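> Keeping their order, the protein sequence lines are chains A and B.
Residue numbers for the first sequence follow my numbering, beginning at 8 and rising by one.
Residue numbers for the second sequence follow my numbering, beginning at 6 and rising by one.
Just so you know, not all the hints are guaranteed correct.
Sample of chain A residues lacking proximity to chain B, with all beta carbon distances greater than 10 Å (derived) [as the list claims (entries may be wrong)]:
id: 1; residue: Ala23
id: 2; residue: Asp67
id: 3; residue: Glu69
Partial list, derived from the structure: chain B residues whose beta carbon lies under 7 Å from chain A [said to hold, decoys possible]:
id: 4; residue: Gln107
id: 5; residue: Pro111
id: 6; residue: Ala112
Going by beta-carbon spacing under 8 Å, a handful of chain A positions derived as facing chain B [to be verified]:
id: 7; residue: Ser42
id: 8; residue: Asn44
id: 9; residue: Glu45
id: 10; residue: Ser51
If you are wondering where the hints come from, they were derived from the structure by calculation, not from laboratory data.
Every value quoted in this text rests on a predicted model; they were computed, and no experiment measured them.
Even glycine gets a Cβ: it sits at the ideal position worked out from N, Cα and C.
The residues making up each chain are set out below.
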Amino acid sequence: MEIDEHIGCAMSGLTADARTLVEHGRVETQNHRFSYNEPMTVESTTQALCDLALRFGEGDEESMSRPFGVSLLIAGHDETGPCLYHTDPSGTFWQCDAKAIGSGSEGADTSLQEHFNKNMTLEEAETLALSTLKQVMEEKVITRIFFLNTLKHFVPACLHVSSWYFDAVCMLCCNSLVVVTVIDMVCTIYSHLNLGSFDCLVWQVTSSNVDIAKVAPKYHLYTPEEVEAVIQRL
Amino acid sequence: MSMVFAPQLAEAAPTSHAGASWSPYDNNGGTCVAIAGGDYCVIAADTRMSTGFSILTRDHSKIHQITEKCVLASSGFQADIRALQKNLDARHQIYQHQHSKQMSCPAMAQLLSNTLYYKRFFPYYAFNVLGGLDTEGKGCVYTYDAVGSYERSGYSSQGSGQTLIMPVLDNQLKSASPLVLPPRESSTPLTESEAVDLIKDTFASAAERDIYTGDGVEIVIINKNGIRRETMPLKRD
Numbered sequence: 008m009e010i011d012e013h014i015g016c017a018m019s020g021l022t023a024d025a026r027t028l029v030e031h032g033r034v035e036t037q038n039h040r041f042s043y044n045e046p047m048t049v050e051s052t053t054q055a056l057c058d059l060a061l062r063f064g065e066g067d068e069e070s071m072s073r074p075f076g077v078s079l080l081i082a083g084h085d086e087t088g089p090c091l092y093h094t095d096p097s098g099t100f101w102q103c104d105a106k107a108i109g110s111g112s113e114g115a116d117t118s119l120q121e122h123f124n125k126n127m128t129l130e131e132a133e134t135l136a137l138s139t140l141k142q143v144m145e146e147k148v149i150t151r152i153f154f155l156n157t158l159k160h161f162v163p164a165c166l167h168v169s170s171w172y173f174d175a176v177c178m179l180c181c182n183s184l185v186v187v188t189v190i191d192m193v194c195t196i197y198s199h200l201n202l203g204s205f206d207c208l209v210w211q212v213t214s215s216n217v218d219i220a221k222v223a224p225k226y227h228l229y230t231p232e233e234v235e236a237v238i239q240r241l
Numbered sequence: 006m007s008m009v010f011a012p013q014l015a016e017a018a019p020t021s022h023a024g025a026s027w028s029p030y031d032n033n034g035g036t037c038v039a040i041a042g043g044d045y046c047v048i049a050a051d052t053r054m055s056t057g058f059s060i061l062t063r064d065h066s067k068i069h070q071i072t073e074k075c076v077l078a079s080s081g082f083q084a085d086i087r088a089l090q091k092n093l094d095a096r097h098q099i100y101q102h103q104h105s106k107q108m109s110c111p112a113m114a115q116l117l118s119n120t121l122y123y124k125r126f127f128p129y130y131a132f133n134v135l136g137g138l139d140t141e142g143k144g145c146v147y148t149y150d151a152v153g154s155y156e157r158s159g160y161s162s163q164g165s166g167q168t169l170i171m172p173v174l175d176n177q178l179k180s181a182s183p184l185v186l187p188p189r190e191s192s193t194p195l196t197e198s199e200a201v202d203l204i205k206d207t208f209a210s211a212a213e214r215d216i217y218t219g220d221g222v223e224i225v226i227i228n229k230n231g232i233r234r235e236t237m238p239l240k241r242d
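With the rest of the complex left out, here is chain A:
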């Protein structure tokens, strides 16, 4: 989801809780723009979200009696360059170059550690994200890819696969940021993929079940031909 023009986030866990956090993040970033006429740094935004997570909510009346059950990957671009932070329900945050969160995250994290390096191009990152997903997937999953480039606009991109394994993968490369997340599990996806039994599903990426978009500088949803081009490289 988008927090500001230059910051976005991906969530894993109780995604309903994430909406409260994201809304708070949006309010904080806009307040900052109002007061200081500048975009808020990604670290400060992450800190603001973690402050909320720590208090279980804002104020006396609106605070919850349980923690927010969601981990976030906050991805953004500020004057220090592109950066990525990972938060968890305790309110702690870490800075990362590449991260996967969710149920399939251990496998994906290991794979990222092996293959990721900071000098990857956007295309290489796209390929790595999709192939990492493929590796840890056994079943179908819906994922969403966020591309963030040096021109500072945040864009969601959609990638439909299926699995209930794996929630999110996020990578930082030299000019851009790639975040891949699982949004949801939808049964109707099976009809698009025309696959057989549920037992041994193979993750198939075709241009009919993948959506990718980027902003460089304007929002651009990839045409089926362009999506094919990305898939060819897998």
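Assemble chain B onto chain A, guided by the hints.
Only chain B this time, still in chain A's reference frame:
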């Protein structure tokens, strides 16, 4: 003036004043000027503080450094100005703690505007000029009214000598017309020492005719090497 502290007297003795009453404001006079260059900014203010037709002190600084690259000069009611300076300092401290960096000059400009507007219905009697270097290192000058309306420009003056100094600055620094093509930058093409000399000349001229401006001028120069101060005496009459 003693009416306020003894209201029962006012009723007992019919006053011959026509509606004179206590005002929460006073004008301590003075003039501030700032000029922005390609890589420097010069801010200057006279050092006279007055009230009515009397001089309170000949040696009062109207210039306040808020961040490493940003300086505020204000004329008007010095008590309100002092409170405003303290407010901005506190906000800057908090910003530094929250964001691990100093505020940039444009950010401080916006903050000052919001702070002034916050007291829209009981304003700070302060006529401000904010000067410094922006995030790219170019000089910037922001000029304000009492309730926070602001604009970035290449030069500005505020205070009792404003009407005497501004036309001189316009003559020396302004581009021929806003419609000139190609559009000119808002920074003026003077060197730093030329700008300082111009400031000294303008203050000397203003001190001739404005009774509230005089005694001395304090000049602060900000460039990439840091902040430097100069003073120059003015006519003491």
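> Now tell me, hint by hint, if it's right for this structure.
Taking the hints in turn, this is what the structure says about them:
no., hint, verdict
1, Ala23, "29 Å, holds"
2, Asp67, "22 Å, holds"
3, Glu69, "22 Å, holds"
4, Gln107, "12 Å, violated"
5, Pro111, "6 Å, holds"
6, Ala112, "4 Å, holds"
7, Ser42, "6 Å, holds"
8, Asn44, "4 Å, holds"
9, Glu45, "5 Å, holds"
10, Ser51, "5 Å, holds"
The structure shown violates just one earlier hint, number 4.
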